[in-house]
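Engineer: Work out the full structure, taking the sequences as your base and the hints as a guide.
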Amino acid sequence: MDPQTAIWNAAAECMPREQLLQLQLQRLQQTLQRVAENVSCYQGKFKETGFQPGDLKELPDLASLPFTTKEDLRLNYPYGMFAVPMRDVVRIHSSSGTTGKPTVVGYTKQDLTNWTELVARFMTAAGVTNEDIVHIAFGYGLFTGAFGLHYGSEAIGASVIPISGGNTDKQLMIMQDYRSSALVCTPSYALTIADRFEKQGIDPESLALRVGLFGAEPWSEQMRTEIEKRLGLIATDNYGLSEIMGPGVAGECLCKSGMHLAEDHFIAEIIDPDSCEVLPQGSVGELVLTSLTKQAFPMIRYRTRDITRLHYETCDCGRTFARMEKTRGRSDDMLIIKGVNVFPTQIEEVLFQIEGCEPHYQLVVERENNQDKLEVLVEVNEKIFFDEMKQQRAFVVNAEKKLQSALGLSAKVKLVEPSSITRHEGKACRVFDNRKN
Amino acid sequence: MKVEQISIFIENKSGRLAEVSGVLGDAGVNIRALSLADTSDFGILRLIVNDTDLAFKVLREQNFTVSKTEVIGVEVPDSPGGLSSLLQTLDKNNINVEYMYAFVERSGDNAVIIFRFDDVDAAIEVLKNNNIKIIEGKKLTSI
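Protein sequences appear in the order of chains A and B.
Just so we're aligned: 67 in UniProt numbering is position 67 of the first sequence, and the numbers increase by one with no gaps anywhere.
Just so we're aligned: 143 in UniProt numbering is position 143 of the second sequence, and the numbers increase by one with no gaps anywhere.
What you were told as hints is all true, and nothing was included just to trick you.
When the alpha-carbon atoms are kept at most 25 Å apart in a straight line, the in silico DSS-like pairs for lysine-lysine are as follows: (1) A:K373 with A:K401; (2) A:K383 with B:K57; (3) B:K68 with A:K390; (4) A:K373 with B:K13; (5) A:K383 with A:K402; (6) B:K57 with A:K170; (7) A:K373 with A:K412; (8) A:K256 with A:K229.
Simulated restraints on C-beta separations: (9) B:I124 with A:K170: 48 to 58 Å; (10) B:N12 with A:N38: 55 to 65 Å; (11) A:E382 with B:A102: 23 to 33 Å.
Honestly, the hints are just simulated from the structure, not real lab data.
Cβ coordinates follow ideal geometry from the N, Cα and C atoms, glycine included.
Structural biologist: Dropping the structure here:
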């Protein structure tokens, strides 16, 4: 197969939209029936609104159903949302749960088969073939990232190196010696790897790296360009969340014009996060997902908190599924500072426009005398370090000006030493909002 | 003529200066002169050491952000008005001083001042024409 044009499951991925909508309706009706029979949380929700599964006649009727939120999952911790008995569950994963209890999700054998299929689809779309050596630097464990990509790679027939996260020097050695050709990790870890190669004086051209599949955190186009340049590979984005399945919900093809969302397995809606109204096609808003085939852990109108936009025109690659823009951040990551909406990715974009600046940054919001204050911590590096104070100050002032004009809000830039911004399992901790405390 | 100086980015928090000097001390690097320019958030530490390459290497290994700059060591009579006449000479010749600091040791009867000029070569020319003694880099680091 030509990696440029290969499609894993053309019958599904290039399905005419009319046929797709028919399939969605049929699968949605079955899903509603199943949750109404087996999940007490949904029985309660349906009863409250007087809804019966048979009431759903057309897809737009979905908009009248209640949402499922992270809070519902917490209330039903650990197994309350499962729609099958535990004897049918063959795998358990869990979200990182930085606040309170984690979320527990389960998979039946069929769920795992579907998950593997969906990962194989987006990996193929990103150019991975059975010739590739896939270097998986996501942490193996309860987190869905590593296992999802692992089984998808094996389905394609690629050779998997399950190196897991951490120990960057070892990652580098294996990448060089085992000739890894496809890199799987978070985009921020990809840059850490690039930094380390640079420090050791290793030319990325000497490596076998060809493609990179990055996900699990929002990242900008500028960051893509930077990673591609510094690691000498083609970088694509993919999307997923454990509550829905894990990676494989959506993924980019080599056209890089949005992530194809597996609409034969999920229904996507875009809502206004405040009014909760469904927004017209092409609007930016919060992504809401409904699973259509999940047996163990079906979700009806799950509020992902991810802010994005969907495009419905057929892609140049021939796939007909909706294309999801890179997430702009999470509706709960969105900071409201002095009444202005700010996403961390906007700040990343500004920093990228500054010569020599790397995207190692952190936002700290404080409230002093009832005034919100935004401080942007930026890690210094040799390209933006000047021996003369006047130049160093000018750099800071220039960055502050650029932020002011992009955000419409004044921000103080504070230079910090390299590696002083906390990184958590490869994911950078971007936001500290101290106003809540 | 020129001497290499090392500059290090330091966050304004306790103990960082001690860490830099610790790293250098452990590597057997001797600090000959230093100056610290600081703001409320960060500082730039500038050092003249006996082994610039070694200092650069060990600091980088410890994840410090380091750069090298060329500066000039000038002898100034250690008497009232010594520095003033030197600065007037520079000013008359339109030589701009970015920053300067005093060397710890003396060279004979004279004090030593480290200068960073925006145009190093023009500065050397002016100093020579006015018979002001520039100390060789090698000599400076071994005073």
